[in-house]
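J.: Here the protein sequences line up with chains A and B, keeping their order. For the first sequence, this note's numbering gives the first residue as 1, with consecutive numbering after it. For the second sequence, this note's numbering gives the first residue as 1, with consecutive numbering after it.
No false leads were mixed into what you were given.
Residues from chain A that face chain B, not an exhaustive set, calculated with beta carbons under 10 Å:
| no. | residue |
| --- | --- |
| 1 | A75 |
| 2 | L93 |
| 3 | T226 |
| 4 | I228 |
Derived from the structure by calculation, the hints contain no laboratory data. Just so it is clear, the structure is predicted and the values come from calculations on it, not from any experiment. Beta carbons: idealized from backbone N, C-alpha and C, even for Gly.
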Amino acid sequence: MNNKGRSYYLIPYYLWIALFVIAPVLLVIYYSLFDLDGNLTLDNYVNFFTPVYMKMMLNSFWYAFLITAFSLLVAYPAAYLLTRTKHKQLWLLLIILPTWINLLLKTYAFIGIFGTFGPVNSLFDVLGIGEQQILFTGFSFVFVSVYIFIPFMILPIFSALEELNLSLVDAARDLGASGWTTFRRVIFPLTISGVRSGCMAVFIPALSLFMITRLIAGNRVITLGTAIEQHFLVTQDWGMGSTVAVFLIVIMALFMLLTGSSRKGVRHEK
Amino acid sequence: MKNKNGIANIYLVLVFVVLYAPIFYLMYYSFNSGGTMHKFEGFTLDYYREVLQDTRLIIIVINTLVIALLSSSIATVIAVIGALAIHRSRRRRSKNALLSLNNVLIVSPDVIIGASFLILFTIAGIQLGFTSVLLSHVAFSIPIAVLMILPHLQEMSPTLTDAARDLGASRMSVLTKVILPIIKPGIFSGFFMALTYSLDDFAVTFFVTGNGYSTLPVEIYSRARQGVSLSINALSTLIFLFTILLVVGYYFLNQRKSKPSAAVAEPVAEAGVPR
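With the rest of the complex left out, here is chain A (with noise of 0.2 Å):
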């Protein structure tokens, strides 16, 4: 009981909860409100739901879907394997190398290999199909921004399958499933939960990237991410920046509940 009386020094991290968790969402949905000459009033909102917005967040989602969508495909194949190579914790160490490197390096070595005179093109030519115009278009967007996620997308599918228990596929084998029964019935269904993480880790991020947009796709691919940016650093459009913000915000929060919020390492609780 006397333990109550005593935690002044709880303060700093609950300060950091006021002012910099619940306060910043607060202040997104205050200037929500609040058009170009500070007048109050809903015209953002009303703005939002005319066909510019409305196209922008299709493209924002269908872009966002492609990206998680092709992720899942390169990674889940990639994360399986992983698990049955020996030595493991190497390769799942090379896969996590890359991550630690800036993405907008990463992103950089594109302009380079999808360029005009890039290596990519110049084996278009070898090939006969000729120059092509790959960077500043939707692939190019979509393939970088794959390839900055895969290990994101691999990591919790791979700890998944290290927590499938083997015998699960074994018994199934046994009973005669065959290797794709097993996978879609049994190894699908049990790392499900791995999946789900991976798709959160990739989809909402790639709502909300901006910088790949601008250096790859040269603002032909406009994210929901691109136009906060935008409405906050070049237009000074502060309120409707927000509203994107807001919409955002509930997409994320909407998707969270969707996937259901089990994230790996809040898992810890007794």
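We have chain A already, so just place chain B on it with the hints.
T.: Below, chain B without anything else, positioned relative to chain A:
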């Protein structure tokens, strides 16, 4: 069976090649005297010289390191408090509420963190620059450090603290003599994670740096927007080597400090949302 294994290996090798190719591509062309990223003309170290002689860049590197070391130290201290706060809360509901609040900044997209902090600092009248960057780095590093420390607290046997209290230790000495030594590996990895988060962060910093103050990622972005310049390649080679040194050092220390089973869990926790 043999054939199947072959395809599997080819797939894995392919994934690794794709993961590493762009990085080595960058490094390779940093030695190109031709000045472009597509035709290798001759070997040169000019771009390294350029990077090392660029005083502006060196100031920015120092800025970045100062911010990273300061912010991760402060964040780790607050995170220890936070982990204790979460650990202490007895009721399941308040514990969950604290945990969710803790994790908000981990799952939020960087643009939102950046934009909302920009509003916050403007309202609070804090000038954009060193202070705003430091504060935001502290702010977004805290939750991940808490998550690194918390498992260690929860693994700690409560009988230890009870015993210490029974033997007459004050609350302070229970903390410094019992709890902190036990959770030391967690504090260490929390600090390290905060450090790398801070070194790596672009998006949040981009929002809260004013004019005249810059960190390395922000500088790289503005240079990359102007197109290919091989000094970026040289710089990234140096950063890559530095990163490898840091990671290898960290794993080396970690391997000695904690049991092997913890080494599996941590990389997963490290894979937060990319910044």
